[in-house]
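Chains as they are written, first to last, in the numbering used here: chain A, 13 to 174; chain B, 13 to 174.
Careful, some of the hints might be misleading.
Identical copies carry no separate label here, and so any pair may be met within one copy or between two of them.
DSSO-like cross-link-like pairs, simulated, lysine-lysine; straight-line CA separation at most 30 Å [stated by the list, open to error]:
1) K124 with K169
2) K40 with K124
3) K155 with K124
4) K40 with K169
What the hints contain is simulated information worked out from the structure, not anything from laboratory work.
Quick caveat, the model's predicted, so the values are computed rather than measured.
Residues per chain, in single letters:
Protein chains: 2
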Amino acid sequence: MSVTDELLANNAAYAENFSGPLPLPPAKHVAVVACMDARLNVYGILGLNEGEAHVIRNAGGVVTEDEIRSLAISQRLLGTKEIILIHHTDCGMLTFTDDQFKAGIQEEVGIKPTWSAEAFSDLDADVRQSIERIKANPFVVHKDQIRGFVFDVATGKLNEVV
Amino acid sequence: MSVTDELLANNAAYAENFSGPLPLPPAKHVAVVACMDARLNVYGILGLNEGEAHVIRNAGGVVTEDEIRSLAISQRLLGTKEIILIHHTDCGMLTFTDDQFKAGIQEEVGIKPTWSAEAFSDLDADVRQSIERIKANPFVVHKDQIRGFVFDVATGKLNEVV
Chain A
13 MSVTDELLAN NAAYAENFSG PLPLPPAKHV AVVACMDARL NVYGILGLNE
63 GEAHVIRNAG GVVTEDEIRS LAISQRLLGT KEIILIHHTD CGMLTFTDDQ
113 FKAGIQEEVG IKPTWSAEAF SDLDADVRQS IERIKANPFV VHKDQIRGFV
163 FDVATGKLNE VV
Chain B
13 MSVTDELLAN NAAYAENFSG PLPLPPAKHV AVVACMDARL NVYGILGLNE
63 GEAHVIRNAG GVVTEDEIRS LAISQRLLGT KEIILIHHTD CGMLTFTDDQ
113 FKAGIQEEVG IKPTWSAEAF SDLDADVRQS IERIKANPFV VHKDQIRGFV
163 FDVATGKLNE VV
């Protein structure tokens with residue numbers, strides 16, 4: 013049995029106690045951009061219930077073109093107004109450089125990715141970088157409530173980057 | 013008080029009962045790519061615990077360059093081997109076209125995005141499209157366990173796309 017099959021069995025239990033459907037637009041008008049890290053249970057960390065916030069996640073919780081696409085759709089079509097960014101301690105993105113990662117791929121596959129891996133060496137600085145990328149983008153509408161945090165994987169706490 | 017402040021108060025309660033830190037690599041060696049939709053509590057839907065799976069999310073749960081970046085990092089650096097894709101019923105991406113969305117932005121802001129909005133008209137077909145994009149990409153290593161699902165927001169069930 014694959015892990016996927018095991019998780020599908022979990023889904024059957026989830027569906028038994030499920031009450032839906034909820035409305036499409038997020039009830040709390042918030043979009044979260046967080047790292048994909050397995051230790052970040054975003055609904056748990058923020059005490060979110062189903063239906064309350066958009067959750068966008070990727071390696072690092074960084075803002076690239078695809079996060080701008082998601083945020084533009086979130087704000088323009090589905091009414092979100094606040095943005096919460098979450099990076100975290102002990103992040104994998106702190107453990108390599110773009111050059112290393114891409115050279116390794118090139119060596120193995122023969123092709124060097126045209127994209128940036130978005131590795132970083134300073135958590136707070138990268139949270140600020142992500143905020144600046146949103147602020148500088150013309151397609152995101154609401155920019156007065158953007159706040160960034162570093163989640164501490166040892167304590168479960170969000171620490172704000174100021 | 014902003015919604016963000018309210019969610020930070022929730023985080024204080026989460027941290028009180030938190031036990032960490034867990035290891036960095038996902039214990040179940042799985043990466044999930046799901047829509048950002050507020051009704052998709054991915055940890056709940058799959059019965060995941062903290063530390064078990066990477067969770068990548070965006071508007072639609074589609075696979076673009078940034079999801080390839082995240083999956084490449086997930087598999088190459090952090091040992092995941094299975095991929096689960098989750099789209100869902102009543103998705104916002106079914107309600108507009110790329111052309112409409114981008115023309116609307118151009119009219120308001122004066123600039124037309126260079127990126128695709130990734131709207132779609134058929135859920136199953138777009139799940140298959142996302143799987144094909146992963147399979148065709150040279151930077152993702154493990155491709156023999158990629159499965160796609162449509163989450164039903166009325167019942168809480170995952171229905172596999174075959």
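Hints versus structure:
no.	hint	verdict
1	K124 with K169	neither (38 Å within a copy, 40 Å between copies)
2	K40 with K124	between (41 Å within a copy, 29 Å between copies)
3	K155 with K124	between (35 Å within a copy, 19 Å between copies)
4	K40 with K169	both (21 Å within a copy, 24 Å between copies)
When the structure is compared with the earlier hints, a violation turns up for hint 1 alone.
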